[in-house]
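Asker: So you can see what is in the structure, the chains are spelled out below.
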Amino acid sequence: MDYFVELFFSGLTRGSIYALIALGYTMVYGIIGLINFAHGEIYMIGAFTALIVSTVLSIMGFPLPAIIILTALAAAIWASAYGYTVEKLAYRPLRNAPRLSPLISAIGMSMFLQNYVLLAQTPDFLPFPALIPDFAFMERFAGVIGSSDLVILITTTVIMILLTLLIKFTRTGKAMRATAQDRTMAMLVGINVDHVISVTFILGSALAAIGGMLIASHIGQINFYIGFIAGIKAFTAAVLGGIGSIPGAVLGSFILGLTESFATGYVSSDYEDVFAFSLLVLILIFRPSGLLGKATIEKV
Amino acid sequence: MLELREVCTYYGNIQALRDISLRVEEGEIITLIGANGAGKSTTLMSISGIVPPKRGEILFRGRPIHELSADRIVALGICQVPEGRHIFPDLTVAENLDMGAFLRRDRKGIARDLDYVYSLFPILRERRNQPGGNLSGGEQQMLAISRALMARPQLLLLDEPSMGLAPLVTRQIFEIIRQINREQNTTIFLVEQNANLALKVADRGYVLETGRITMHDRAGALRANRDVQRAYLGI
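Each protein sequence line maps, in turn, to chains A and B.
The first sequence begins at 1 in our numbering and counts up by one.
The second sequence begins at 1001 in our numbering and counts up by one.
Hints in this document: simulated from the structure, not taken from any laboratory.
It is possible that some hints are incorrect.
As the list claims (entries may be wrong) - Think about it this way: if two alpha-carbon atoms lie no more than 27 Å apart in a straight line, the pair counts; the simulated BS3-like pairs of lysine-lysine are: (1) B/Lys1054 x A/Lys168; (2) A/Lys174 x B/Lys1054; (3) B/Lys1054 x A/Lys88; (4) A/Lys294 x A/Lys168; (5) A/Lys88 x A/Lys174; (6) A/Lys294 x A/Lys174.
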């Protein structure tokens, strides 16, 4: 039973990280209908920023809580700057181009950012310091859930609640929903759509960067390629839940995380991806628009 | 109030408007009539900055607006109810109305205007918590007009408000359009395929044919014109 519970929590941890990344995919898709393939790279850049900032801060002798908070902020801000710039340079000029053009531009951006980090940093794996200490009160649950899992779960939950409130109640959130539903009409009520799109990229990038920092500290190493795998998985999760739907992205991420965790635990870690993608194929066969996605109905 | 000077608008390489020149005076209702594909909607989209003109000028109260972005144009007081209503389907009726007042900050004024549109269309008050996508076509048209009014426009652009509506509902909507014009002193630019109806409420009218203005006159004179009768009024 303990083993089951352990796998369950490790699945939730994975799912949380996927969710932080998947939200960026799904929000961007909801607003401009683009699969932002460079999103995984933003997550990777977030992790690298976190590594650099946390190393510098710990050399300077900051206390651990300050290091964690400042690192998270720095990673989120830096990655957001990347997300914002990528949209401005690679997607905005193609706003009215055929759908395939920005998609190719996104793949190009993804490769560019990977290789940029490869050249600017290193092709090797870098050790990432464990930012989250082992809490004393967590010792009782040692075999089941670790301190860092707990922190990841709590952080993700808090972030998702904040995001939901932002989208539901703030002016910016309403503008985002309106733009996602009908861009022309959003312009006609006076919403600056360019601004909304930028905000969406910034938000998505910040979430991904925090995800990158949390998982890097959890696993203990990073390299320039981590964004690719994580990006594909989070994308899968977003499609699973119904791309464009925010609750869908979260649900899809947890289902994917749990599936992988149980597959690894009860079958073999070699089959983790097989289970993940088989699940995707099954869902797409029986619910092509994803679990919470809406079937597109054209009303004439 | 609004003046278009030799406006040319293109979709890619296809020219949709050819040297359109027209004027809208403060407080009047003018209408633009024409067949399918004549460029009526494009004219409105050019004014609103969604499809900006390639050549020519658009002046609002003497100020050029053809290079402004759509949201800046709304901020100046020009609002459009586009063809097909474009209700935000997953926002509730109340949220749709709230989006209409997106650029406004005066809470009291917004609350007053909300009461006003609810008094124009009581059904919207009843349905305020339903998603906009669930309303009937007529109710959506009411919501679309109300949403535009929430911006408290000086100039209201209406694109085919009668499209797809039952005659009774159409009559009600046109009655309200007249009422808005009188009570709020809102200038109205009406685009309609139903030329008969449009020329009845309008002060003046323009006729658009394949991207060109071919005629303009007082609405009554246009209704009496033989060519207009034959082409648009089915007489």
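Asker: State for each hint whether it applies.
Answerer: Hint check results:
no.: 1; hint: B/Lys1054 x A/Lys168; verdict: 39 Å, violated
no.: 2; hint: A/Lys174 x B/Lys1054; verdict: 32 Å, violated
no.: 3; hint: B/Lys1054 x A/Lys88; verdict: 24 Å, holds
no.: 4; hint: A/Lys294 x A/Lys168; verdict: 19 Å, holds
no.: 5; hint: A/Lys88 x A/Lys174; verdict: 22 Å, holds
no.: 6; hint: A/Lys294 x A/Lys174; verdict: 19 Å, holds
Consistency note: the structure conflicts with the earlier hints numbered 1 and 2.
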